[in-house]
Amino acid sequence: MGVMDITNFAHGEYLMLSLYASFWLFEFFHIDPYLSVLLVIPLMFLLGLLTEKFLIRPTIGKPMFIHIFVTLGLSVILQNLALLLWSGNFRTIQVPFATHTINFGDISISTPRLIIFMVTLTVAYLIHLFLNYTWMGKAIRATSQNRNSAQLMGININRVFMVTFALGTACLGIAGPLLMPIYYVYPTIGFQFVLVAFVAVVMGGLGSVKGAVLASMLIGIIETLSGYFLDPAMKQAIYFLLFILVLIFKPSGIFGEEGKVV
Amino acid sequence: MKKIKIISAIVMLMFLLTQVLGCSGGQKAAPVEETIRIGTIFPLSGPSALNGQDTFDGADIARELFNDKGGINGKKVVYVSADAPDANAATQEADRLISKEKVPVILGTQSSSLAFAASAVAERNKVVYWEVEGIADNITSRNFKYVFRSTFSASNMGLQMVNFVKDVYAPKMGKTIQDLKIALVYEDGAFGSSTAKTIQDLSKELGFTFVKEASYSAKSNELNSLVIDLKAKKPDVLFAASYVNDAILLSRTSEELGFKPGIIIGTTAGHGTPDYVKAMGDKSNGVFAAGIPNAVNPDNMKPEQKDLYNELTKRYKAKRNKDISVNVLNGFNGAWILLSKVLPNAKEMTADNIRDVALNTTMAKGDTVLGYGVKFAGPDAPNSGQNVEAFAGVMQWQEGKLYTVFPEIIALKQPKF
Chain A
1 MGVMDITNFA
11 HGEYLMLSLY
21 ASFWLFEFFH
31 IDPYLSVLLV
41 IPLMFLLGLL
51 TEKFLIRPTI
61 GKPMFIHIFV
71 TLGLSVILQN
81 LALLLWSGNF
91 RTIQVPFATH
101 TINFGDISIS
111 TPRLIIFMVT
121 LTVAYLIHLF
131 LNYTWMGKAI
141 RATSQNRNSA
151 QLMGININRV
161 FMVTFALGTA
171 CLGIAGPLLM
181 PIYYVYPTIG
191 FQFVLVAFVA
201 VVMGGLGSVK
211 GAVLASMLIG
221 IIETLSGYFL
231 DPAMKQAIYF
241 LLFILVLIFK
251 PSGIFGEEGK
261 VV
Chain B
1 MKKIKIISAI
11 VMLMFLLTQV
21 LGCSGGQKAA
31 PVEETIRIGT
41 IFPLSGPSAL
51 NGQDTFDGAD
61 IARELFNDKG
71 GINGKKVVYV
81 SADAPDANAA
91 TQEADRLISK
101 EKVPVILGTQ
111 SSSLAFAASA
121 VAERNKVVYW
131 EVEGIADNIT
141 SRNFKYVFRS
151 TFSASNMGLQ
161 MVNFVKDVYA
171 PKMGKTIQDL
181 KIALVYEDGA
191 FGSSTAKTIQ
201 DLSKELGFTF
211 VKEASYSAKS
221 NELNSLVIDL
231 KAKKPDVLFA
241 ASYVNDAILL
251 SRTSEELGFK
261 PGIIIGTTAG
271 HGTPDYVKAM
281 GDKSNGVFAA
291 GIPNAVNPDN
301 MKPEQKDLYN
311 ELTKRYKAKR
321 NKDISVNVLN
331 GFNGAWILLS
341 KVLPNAKEMT
351 ADNIRDVALN
361 TTMAKGDTVL
371 GYGVKFAGPD
381 APNSGQNVEA
391 FAGVMQWQEG
401 KLYTVFPEII
411 ALKQPKF
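Protein chains in written order, with the numbering used here: chain A, 1 to 262; chain B, 1 to 417.
Don't take every hint at face value.
[Stated by the list, open to error] Cβ pair distances, simulated, as ranges: (1) A:Leu-230 <-> B:Thr-209: 46 to 56 Å; (2) A:His-30 <-> B:Pro-298: 46 to 56 Å; (3) B:Lys-233 <-> A:Ile-127: 49 to 59 Å.
[What the hints assert, rightly or not] Taking lysine-lysine pairs in the DSBU-like style, the calculated list, with each CA pair at most 35 Å apart, reads: (4) A:Lys-250 <-> B:Lys-219; (5) B:Lys-219 <-> B:Lys-166; (6) B:Lys-219 <-> A:Lys-53; (7) B:Lys-145 <-> B:Lys-102; (8) B:Lys-219 <-> A:Lys-210; (9) B:Lys-306 <-> B:Lys-319; (10) B:Lys-401 <-> B:Lys-69; (11) B:Lys-416 <-> B:Lys-278.
Quick caveat, the hints were computed from the structure, so don't treat them as lab data. Where is the CB? At the ideal position from N, CA and C, for every residue including glycine.
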């Protein structure tokens with residue numbers, strides 16, 4: 001979102017596709033979701049490349065509303081396509097480790113959730129390394145800072161956009177299979193996740209990996225604590241309130257560079 | 001800053017859009033003279049699409065069967081169908097069916113929130129609203145003149161949940177219901193809230209208390225905080241008025257966090273669905289669900305009902321290649337009462353005629369496929385339009401199958417604790 005100046009409103013639907021991919025791989029080929037990650041990542045990467053090439057590329061440089069309509073339209077199409085192809089049923093898979101927990105006295109930690117947490121941190125760290133220490137990563141950062149200068153420095157920005165977009169969808173290729181053992185999938189599930197993801201990204205500061213990781217942890221903690229101490233029905237209200245406060249007092253986000261997002 | 005504002009606005013806009021999208025136009029019907037046109041409103045897309053499609057299928061099979069048997073004096077019944085994924089769409093579609101399609105009666109809706117919204121439009125326009133599945137009390141408690149409900153209301157379901165604990169579980173444990181530690185959780189929509197309200201009212205009447213009462217959004221993607229708190233309260237009984245996804249989430253989170261109440265009594269909207277047992281497997285055994293008795297035993301039916309039931313299961317199997325669900329039964333039963341008992345006796349197909357016939361329609365216990373009789377509360381009675389003969393049952397998952405265990409007269413199996 002920070003690099004390309006494009007807000008992909010179909011991001012949640014890509015998560016939905018990734019969940020369905022791991023669901024069907026399990027259903028038809030009995031591939032464990034933790035193994036199907038290896039298949040779903042390239043699949044989602046490829047899907048990202050194709051989407052960028054055929055749908056996003058033509059909108060680059062056009063007014064913001066054009067990409068909003070394209071991605072929002074894509075989201076509606078994908079949701080309804082999923083409804084048509086796979087019906088509205090709540091699909092789940094059953095694996096023995098889905099409800100496995102590690103206990104320390106009174107504290108029990110769900111193993112699949114712990115795995116998600118570890119993988120998320122690792123992936124975030126890898127992305128951080130990628131952005132800072134590889135040529136492509138530097139090119140992405142350069143493009144995000146100033147598109148024209150980057151072009152003058154000989155960076156092929158079309159390639160940068162393609163890789164950036166596909167990396168985003170490839171990350172969902174990791175998320176889907178890891179979420180499948182503990183969640184369910186249905187055509188509109190993406191929206192449940194994407195709303196909070198937007199909050200995390202904006203709160204953390206657009207384009208900041210560190211910010212997004214910290215903001216999402218903050219939201220998770222606030223959600224659980226406010227649910228426990230106040231009322232489960234209130235938990236979304238509390239973090240949205242915090243979100244509004246951040247927007248008022250530090251509109252660039254907690255880790256956003258001042259002036260970058262104007 | 002400007003961009004953030006725009007993005008935030010779009011996120012909100014997107015939220016609104018996903019709520020509204022999916023409403024589609026209805027099929028064009030044949031000319032008025034040769035057919036009898038009935039409007040239908042069901043959620044065929046969106047989060048309730050699964051249940052909505054099933055209920056519609058049931059109602060549609062009732063229509064096909066009725067037409068195959070000759071219709072009304074040779075006139076076939078056709079549905080002018082509308083999709084309502086949310087309450088806004090339900091209102092708009094009810095408006096359209098009434099003002100553009102000019103139907104005298106609307107059949108719906110599966111979800112209580114949708115029924116509540118759409119039936120208000122029908123009442124305002126003096127069009128009969130025939131609810132087959134939405135069970136929230138407030139649908140009939142407004143004492144509308146044109147709203148009828150063939151199925152029981154939520155208070156009856158809550159009543160049966162409490163009765164089951166009072167009459168079966170508590171004695172089994174050698175206690176009274178007042179001695180038991182009871183927790184109540186419910187989704188915060190019309191369905192969950194009204195079911196919870198009945199249980200809360202009964203708690204005052206019978207003098208039992210709750211160790212925990214909490215509501216949550218059915219769209220939640222985590223319920224950890226709720227389950228952590230429940231675990232600390234160690235309830236003997238957990239009443240849960242949930243839909244499918246939150247029922248699965250609640251049970252999986254409970255499993256992860258090691259929360260095991262004495263018994264769980266959910267409803268057929270969540271804990272009693274095939275998707276629930278698919279998700280939970282063996283872990284679903286022992287879980288109770290109150291609602292429409294799903295496992296109606298055709299052997300106990302009168303011959304006419306038995307034929308109807310067999311025809312329904314056969315046609316649904318041919319259509320969807322799966323077994324009927326409670327939603328299918330409900331849709332079928334409600335539509336069948338309207339088509340076979342009410343419409344043929346109306347002199348003209350006007351809302352007022354249909355309403356008068358409905359108010360005078362009575363069916364004895366055992367005259368419907370769900371076992372109950374039919375008698376609609378009159379305009380002066382509380383909950384006018386409610387079928388006062390309808391009742392809910394309590395089912396239990398045993399070896400992966402849902403069996404009716406309460407009340408005793410319709411029970412197929414003994415409850416296992």
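Evaluation of the provided hints:
Hint check: A:Leu-230 to B:Thr-209, Cβ distance near 21 Å, so the stated range 46 to 56 Å is violated. Between A:His-30 and B:Pro-298 the beta carbon distance is about 37 Å. The supplied range of 46 to 56 Å is therefore violated. For the pair B:Lys-233 and A:Ile-127, the supplied restraint of 49 to 59 Å is violated, since their beta-carbon distance comes to about 42 Å. For a cut-off of 35 Å, the pair hint linking A:Lys-250 to B:Lys-219 stands: about 30 Å separates their Cα positions.
At roughly 32 Å between alpha-carbon atoms, B:Lys-219 and B:Lys-166 fall within 35 Å of each other, so this suggested pair holds. Proximity of B:Lys-219 to A:Lys-53 is assessed by CA-CA distance (about 34 Å); at most 35 Å being required, the pair is judged to hold. For the given pair, B:Lys-145 sits about 19 Å from B:Lys-102 by alpha-carbon distance, which is consistent with the 35 Å threshold. For the given pair, B:Lys-219 sits about 28 Å from A:Lys-210 by alpha-carbon distance, which is consistent with the 35 Å threshold.
For the proposed pair B:Lys-306 and B:Lys-319, the alpha carbon gap of about 20 Å is at most 35 Å, so the pair holds. With a CA separation close to 34 Å, the supplied pair B:Lys-401 and B:Lys-69 stays within the 35 Å bound. For a cut-off of 35 Å, the pair hint linking B:Lys-416 to B:Lys-278 stands: about 20 Å separates their Cα positions.
Of the numbered hints given earlier, the model fails hints 1, 2 and 3; all others are met.
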